[in-house]
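J.: Using the sequences and the accompanying hints, generate a full structural model.
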Amino acid sequence: MKKYTEIKDISNLSETIKEAISLKKNPHEFETLGKHKTILLLFFNSSLRTRLSTEKAARNLGLEVMILNVNDAWNLEFEDGTIMNANTSEHIKEAAGVLSQYADIIAVRAFPSLTDKEKDQSEWVLSSFEKYATVPIINMESAMAHPLQALADAITISEFANTPKPKVVLSWAPHPKALPQAVANSFVEMMQLLDVDFSITHPEGYELDPEITKKTSINYNQEEALQDADFVYVKNWSSYSDYGKILSQDKHWMMTQKKLGTAKFMHCLPVRRNVVVEDAVLDGTNSLVLQQANNRTFAAQVVLKQILEEL
Amino acid sequence: MKKYTEIKDISNLSETIKEAISLKKNPHEFETLGKHKTILLLFFNSSLRTRLSTEKAARNLGLEVMILNVNDAWNLEFEDGTIMNANTSEHIKEAAGVLSQYADIIAVRAFPSLTDKEKDQSEWVLSSFEKYATVPIINMESAMAHPLQALADAITISEFANTPKPKVVLSWAPHPKALPQAVANSFVEMMQLLDVDFSITHPEGYELDPEITKKTSINYNQEEALQDADFVYVKNWSSYSDYGKILSQDKHWMMTQKKLGTAKFMHCLPVRRNVVVEDAVLDGTNSLVLQQANNRTFAAQVVLKQILEEL
Amino acid sequence: MKKYTEIKDISNLSETIKEAISLKKNPHEFETLGKHKTILLLFFNSSLRTRLSTEKAARNLGLEVMILNVNDAWNLEFEDGTIMNANTSEHIKEAAGVLSQYADIIAVRAFPSLTDKEKDQSEWVLSSFEKYATVPIINMESAMAHPLQALADAITISEFANTPKPKVVLSWAPHPKALPQAVANSFVEMMQLLDVDFSITHPEGYELDPEITKKTSINYNQEEALQDADFVYVKNWSSYSDYGKILSQDKHWMMTQKKLGTAKFMHCLPVRRNVVVEDAVLDGTNSLVLQQANNRTFAAQVVLKQILEEL
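Protein chains in written order, with my numbering: chain A, 2 to 312; chain B, 2 to 312; chain C, 2 to 312.
These aren't lab readings, by the way, just hints derived from the structure by calculation.
Just so you know, not all the hints are guaranteed correct.
Unchecked claim - DSS-like mimics (lysine-lysine), calculated; alpha carbons at most 25 Å apart, straight line:
| # | chain 1 | residue 1 | chain 2 | residue 2 |
| --- | --- | --- | --- | --- |
| 1 | A | K36 | C | K38 |
| 2 | A | K25 | B | K38 |
| 3 | B | K25 | C | K26 |
| 4 | A | K38 | C | K25 |
| 5 | B | K38 | A | K26 |
| 6 | A | K25 | B | K36 |
| 7 | B | K26 | C | K38 |
| 8 | C | K25 | A | K36 |
| 9 | C | K26 | B | K26 |
| 10 | B | K36 | A | K36 |
| 11 | C | K38 | B | K36 |
| 12 | B | K36 | C | K36 |
| 13 | C | K25 | C | K3 |
| 14 | B | K3 | A | K36 |
| 15 | C | K38 | A | K38 |
| 16 | A | K36 | C | K26 |
| 17 | B | K38 | C | K38 |
| 18 | B | K38 | A | K38 |
| 19 | A | K38 | C | K36 |
| 20 | C | K26 | A | K38 |
| 21 | A | K36 | C | K36 |
| 22 | B | K36 | A | K38 |
| 23 | B | K25 | C | K36 |
| 24 | B | K38 | C | K36 |
| 25 | B | K36 | A | K26 |
Unchecked claim - Covered stretches of chain B, going by a simulated chain A footprint (3 or more residues, C-beta under 8 Å):
| # | stretch |
| --- | --- |
| 26 | 37–46 |
| 27 | 58–71 |
| 28 | 235–248 |
Glycine residues also receive a C-beta, built at the ideal position from the N, C-alpha and C atoms.
T.: Below is the structure:
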């Protein structure tokens, strides 16, 4: 693997999932692979799971880990040809070039604006690092994608599937704040690659980017959509068409134990209890959220392993 | 040791103090004990000594150390059954469960509100981690206790005691800000367990929780109380009865060289010079503050060692 | 080396430069030199290059690295004899003494006020650490000096010099913000020690401290000064005489490809494009800014190596 900014970077998905599961059984098997190499975790936005799981995965492989909250440094300039006489102190060309002097791998987290659709879709931060850094880049959640989360989710589904072709439903849920589409986008792309019966349910107006959902069936009737589901992945996202807007906070879309039935419940976390999902589900035995969080480590570790093997 | 959230968790105090002193002589003797294990240091409040000494202690034992300032992540919800549609993004149930996926030990610092006595006494943050985390919890100073500081203080007293049963006095001092009772509480509990002649002196109204001070003698006359003291531990705290309030800033309670006489001076630091204690004391030969700070490392190390041995 | 707070601390400059270049070829040759030792990186101000390069250098030598943003802790008091009843919570005497309990080397970054010339020239923060810490101190950029940057620059010049006595010009450039003189000061002092033909060019009123520039020739005519230069080091600084003030933002002082000619371009970064220097220069083949940034690691590493060898 040369980088991991999008799911496409995985050459062999089923092999990669198997490899992750075997790393989970023996996390320190390759503890010398990263020796004398350094990964830099670069955060433009706050992080809990992604930071700790990626740091742990890197240490498991013997990598040195350096962490930088960009806000502890200064504002970066991303526009070409600007006269930098305002608030930005360093251009991404220098920043990415310099960071490449200190790190063998750079992992970046940069959320969308949710106001400028074009800019967000251009992945201006992540793609600038890809363009100007001279080392492999890992996406720790960008404006439009969260491929490490999607890989952890794929690992989790393959661990808990009881049928050859499980039914997986992505169900929108209400949320008081406007959230990115990144997690939903990457989950959709990942499910399209797995041998699952996949569909999406959300209120009208919450359609994700059609270039991502493609032929995936979308059902505006949650109850119908959830029937006989094996895995229900619940997530809020703001509108893509009416970009970044909250069109509905309809409580009827909250996930409940009754709706879930015997299906496994999945969520990337953090989750707002009794808004996105009721307590009974999270406190019940069908919740896989902790297993998903745990698999974040091994998703990151298998990606780092494959990148290190090609360094 | 299964955890270290309170002094009671130490099964054999005198043995533990001896063990800490021997670790001080050879800090790296057990440098492989923590191999392939990770400690997470979680800060809800700022820290200098506690953070660096605990990090160093963990590294001395070969532990991987991950540090997270919770404020760099987001607000946690601690109430049960809440509808999380306000400012909290993640419930402690998920947070503690998730963090337990990445760490073998979690150390937590969370100060009191000093406004809600009941809530502070319930140790809502620390006890929530105890309840929902699946790994051992260490108290890096909670609302009502600072057991790592108290252990470092006990080590220091046992190193510098010249008599079989030294006289130790805890003396309140003025301070411009309302401070927690945590350090004083834990010092009192620790002294009650040591073979020392212990008493407390403070202005009326500054009585600590009677369930903690128990039969410990309290003298409102500082001069009387300090007579023939071997160790004088100076500390400010806000009122417990009139909870969190500053009842006095009486400069006469500041510790001076004259009052101290030949006694050893102790303070957990940080200390405000010429408010809590005059320069002459801190700059004199009877001050043990640096030795106390140094022993923070070995207090943390002996606790981590005993926890690792039971993991 | 007992410390590295100023360039004078280097006993043999040409040997040190040679040693740095050999470390660059084999960064892990001395990876056990720092074993069981800890460096603390202490930041009063934000940092990108200095933090990452110093952290990397320390890890290359097997040092444990602890990083503390002082602002995550609390305000330190530097005045003697103060009654600390205001905003400062801990005196540098205690802080430096305590930090010396946890670290074998302390590296400090503390920028100038640019308002109080006397205080800045006294290097009150750095010199207080020198005075009260009991371990070696490294200057990661102080009020008036940036000796690690100057050493990296010297390494870079010695790597790229094509003539026995290259012509090096330090050229002031405009900047929207008032910047310290630290980088310029240390570069001047370093060039005075190398076998180079060195001169400075800047608008009138931007003279650096005459006790630093000494007999170094200063030319107010940039075009004249740049003639036949081999290396042009561009940097903005605020006025020293009219302390901390911006006297000019004259765009004609911006470095251009035309002015630069065949000379190598140097800058410590971060740099504001098309204000300090035009895109064509940074994007051209004569720019050494990334090589300078890379050499920050080996400047720090050779300093740490020499300090560790005397610990």
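J.: Compare the structure with each hint and give your call.
T.: Consistency of the hints with the structure:
A C-alpha spacing of about 19 Å is found between K36 of chain A and K38 of chain C, which places the hinted pair at or below 25 Å, so the restraint holds. Restraint check for K25 of chain A and K38 of chain B: satisfied, since their Cα atoms lie roughly 15 Å apart, inside the 25 Å limit. For the given pair, K25 of chain B sits about 38 Å from K26 of chain C by alpha-carbon distance, which is inconsistent with the 25 Å threshold. For the hint pairing K38 of chain A with K25 of chain C, the CA-to-CA distance comes to about 15 Å; that is within 25 Å, so the pair holds.
Restraint check for K38 of chain B and K26 of chain A: the C-alpha separation of about 15 Å stays at or below 25 Å, so the hint holds. Simply put, K25 of chain A and K36 of chain B have alpha-carbon atoms about 17 Å apart, close enough for the 25 Å limit, and the pair holds. Our distance criterion of 25 Å between C-alpha atoms is met by K26 of chain B and K38 of chain C, whose separation comes to about 15 Å. Restraint check: the Cα-Cα separation between K25 of chain C and K36 of chain A comes to about 17 Å, which is no more than 25 Å; the hinted pair holds.
Pair hint K26 of chain C plus K26 of chain B does not hold up; C-alpha atoms about 38 Å apart against a cutoff of 25 Å. The hinted pair formed by K36 of chain B and K36 of chain A meets the criterion: a straight-line CA distance of about 16 Å does not exceed 25 Å. In summary, the hint linking K38 of chain C to K36 of chain B is supported, as the alpha carbons are separated by about 18 Å, within the 25 Å threshold. A threshold of 25 Å between alpha carbons decides the hint, and for K36 of chain B with K36 of chain C the separation of about 16 Å falls inside it, so the pair holds.
Our distance criterion of 25 Å between C-alpha atoms is met by K25 of chain C and K3 of chain C, whose separation comes to about 23 Å. A C-alpha spacing of about 33 Å is found between K3 of chain B and K36 of chain A, which places the hinted pair above 25 Å, so the restraint is violated. A hinted pair counts as satisfied when its Cα atoms are at most 25 Å apart, and K38 of chain C with K38 of chain A qualifies at roughly 20 Å. A threshold of 25 Å between alpha carbons decides the hint, and for K36 of chain A with K26 of chain C the separation of about 17 Å falls inside it, so the pair holds.
The suggested pairing of K38 of chain B with K38 of chain C holds, with an alpha-carbon distance near 20 Å, which does not exceed 25 Å. Taken as a hint, the K38 of chain B and K38 of chain A pair is honoured in the structure, with Cα atoms around 20 Å apart against an allowance of 25 Å. With a C-alpha separation of about 18 Å, the suggested pair K38 of chain A and K36 of chain C falls inside the 25 Å cut-off, and the hint holds. For the hint linking K26 of chain C to K38 of chain A, the alpha-carbon distance of about 15 Å falls within 25 Å, and the restraint holds.
At roughly 16 Å between alpha-carbon atoms, K36 of chain A and K36 of chain C fall within 25 Å of each other, so this suggested pair holds. Annotation: proposed proximity of K36 of chain B to K38 of chain A holds, straight-line Cα distance about 20 Å (limit 25 Å). Proximity of K25 of chain B to K36 of chain C is assessed by CA-CA distance (about 17 Å); at most 25 Å being required, the pair is judged to hold. Restraint check: the Cα-Cα separation between K38 of chain B and K36 of chain C comes to about 20 Å, which is no more than 25 Å; the hinted pair holds.
Taken as a hint, the K36 of chain B and K26 of chain A pair is honoured in the structure, with Cα atoms around 17 Å apart against an allowance of 25 Å. For the stretch 37–46 of chain B, the stated coverage by chain A is satisfied: 3 residues place a CB nearer than 8 Å to a CB of that chain, which reaches the threshold of 3. Judged by the Cβ-Cβ criterion of 8 Å, the stretch 58–71 of chain B is covered by chain A as claimed, because 3 of its residues qualify and three suffice. Given a C-beta distance limit of less than 8 Å, the hint that chain A covers the stretch 235–248 of chain B is violated, as 0 residues qualify and 3 are needed.
Hint compliance for this structure: hints 3, 9, 14, 28 are not met, and every other hint is.
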